[in-house]
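**Student:** These are the residues of each chain, in order.
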Amino acid sequence: MMVGLLALAFLLLMLFGAISMLRGNSGASRLFGALAIVGGAIGLLFVRAVAMAVSIAISMAFELVEQLVVSAGGIEGLLFCVFAALTCFGAVAVVVTQNVVRMAFWLVVSLGSVAALFFLLHADFIGAAQLLIYVGGTVVLLVFGVMLTASGPTVQIRTSPAESFLGAGVGLLLLLVLLFSMSAISWDEVEQRLSANSRSNSDEPQVVSKNAVGEADAGSGEGAVAALKVSTGGDELATKSPTSGKPNADDQAGRTVRQLGLSFLGLRPDRDLGKDAGAPLSPGFLLPFEIISIHLLVVLVGAAYLARAKRKVTPASSGEI
Amino acid sequence: MNGPLAALTIQQFLNDQLKFLGTSELVAVVAFLLATLVHAVLLISLFGFLPLAYIWLERKVAGRIQDRLGPTRVGGKFGWLQTLADGIKLIQKEDLVPAAADSMMFRMAPYLATVASFAAFMVLPVSDGWVGVAAECGAFLILALMSLEVLGIILAGYSSGSKWALFGAMREAAQMVSYEIPMAICALIPLMIAGSLNLQVVGRMQTGGIWNWFIFHDPFTFVAFFCYFTVATASVKRAPFDLAEAESELVAGFHTEYSGFRWSIFFLAEYASMFAVSGIAVLLFLGGWETGLWFPEAALDGLRGWGEDFGVNGFVLGNYIANLFGAIVFVTKASLLVLVQIWVRWTLPRLRIDQVMTTCLKYLVPISCCLFLGAVLWPLLLVSMLQRPVMFGPPLNSLPAAVTAAEKSGTASSPAIASSRQVEVER
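Protein chains in written order, with my numbering: chain A, 42 to 362; chain B, 1471 to 1897.
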């Protein structure tokens, strides 16, 4: 359409040039006409070339996207790569930057990308918790603390060579631990179960074998997320697609809230669903959660006690107290 | 569009329409990107238009309260286009960065605040099934996203390299961190009654009459609404809680050093957040997209499911019209709450910072905790005294009136109905 209009415009220009060359009564108008013809011809060629280049570029871009998507494993895989790269980039930038507030910003990038990874893995609740606790809570408090104490040595942090050596060593050790635990999981089994879950549209609850989930649980965080996915896929609490009446992977994506809540109370969909009625339920997560929150409360009280301005206690008044 | 699937519907539709492009992977990707684009454009237009209207409203209301006229000339009789003209003027201004500022953070901060404010729009359902991202834990997610806006403001104040801005940002941080607590507790009360974190389910449970709105569910939710609204006003730093930009003491607070476009998008974010918190209030307490009256709801229920499927099962004209009406009702309700916020701003004097903190920690937190406890105990009391779980009307269910009617007549094949029944199955 655009190409056609442009070509028409250049043809008209050439026509105009021809008329002015034939009927012009001065040298200047003839010269102008000749120039218009030449310019129109060049323009026509140019339009053709651009149109061809654009069409080739579009088809190449489509092919590139297709190849990229296929090699990354669908659009979700592609987005996973993007956010994983962003996470790593943000983390490296936190280490490299020397200004504390900029560090906080890069921390936001890194933690936000981790939240995005959780969303991509259909763990909506964990993703939202990540945003609320780390990005909205911890980083805000960090910046707030920096603002209250903003002067000299706390704003710029320079690491000595010994410190960076130590830090690199600890980081390397952590990386090794992660790699070992990742290699300890039999990913084939998890993969099989995931694909089985997405394929089988059975209405009866799928029994997830205890040890497989336990194994995935024991592994890295990613394994736990995969186990969570497994548990949401086949159980009877998962909803059915309104259109077909069968469970559809897309509909259930991210519906982890109810499972999490039930797990808290002791009904764990990943363990208890296939059992007999009389069998004892697995322990819930409520008690550990409460213990952790009491811990936090104790820490808070301790911090408040330590940070509170000490009153001057004179000997006389201490006698009264 | 049906139920919780709204976010996927456009993608499904495009998936079927774009078959000619080639392989299924490519079609899936293009459909995904196009659906994302459609959602984003729709949300951004809402995000951009509402602040324009609200800023005009603010100036007009302020003028009337102060016995002035407000804007009168630009764009005809009532100065409709005043905000747009101001926006164009602001874009043309020079983009100043103070020499003492941390340049990168200074430039970045307004965008951080705006993006956080926009992100809240993604999970805010404007009508039954019209939501950018249909998240199961939408209420939790929206509270999390709204808590990110403070980060942009703190960074703006810190990186400005100015004492006024730093003070504004510190006040803002202290205020936000403490007001998040009563806000979450107040939001928890209707969520607990609904038994779901899904904002669409919460909205759908309040259908079928004004007595089903959660504000009239029991006396505790009635008080909780006003408590939530107070906290929400504070959380979007509106007067009387606008200590972060107290112009009598701090010049302009955290945005003292900003000018032009960056200054204006701070305002965009502020007014958009006003709509977002009001929208949450409408969804949680005021019946969401329902008028609450008998006649229009009966007419809309008749409209749902009318027409032929367009591409995707359940993508019918009747649902579209009903949802459009619902969206208009929702935006109107939220705008009325925004109007109240504006009215409060020009009526009440500003609190001192210690008064702001006292209001939160000594009054609002205990009040919201007591309300939560009361709302938990209230159904038990009713069951023991009256043998029924709710005071007025029929017991709550997550099915809209259309479903009940359809079940009576025995035709329960529409996907909208199936999807809402699925919610019940889930419960």
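Simulated from the structure, these hints should not be mistaken for laboratory data.
Quantities reported herein were computed from a predicted structural model and do not represent experimental measurements.
A virtual CB, placed ideally from N, CA and C, is assigned to each residue, including glycine.
Misleading hints may appear alongside valid ones.
Computed footprint of chain A on chain B; a stretch qualifies when at least three of its residues, placed anywhere within it, have a C-beta under 8 Å from a C-beta of chain A [to be verified]:
hint, region
1, 1548-1558
2, 1677-1683
3, 1713-1725
4, 1753-1760
5, 1843-1851
Some chain A residues judged to face chain B by a derived CB distance under 7 Å, without partners named [claimed, not checked]:
hint, residue
6, E107
7, I116
8, E117
9, M144
10, L162
11, F166
12, L173
13, V176
14, V181
15, L183
16, V184
17, M188
18, L301
19, G302
A few chain B residues that face chain A, going by a derived Cβ cut-off under 7 Å, partial list only [stated by the list, open to error]:
hint, residue
20, L1504
21, L1618
22, W1813
**Student:** Can you give the numbers of the hints that this structure goes against, from lowest to highest?
**Tutor:** 1, 2, 3, 4, 5, 8, 9, 10, 15, 18, 19, 20, 22
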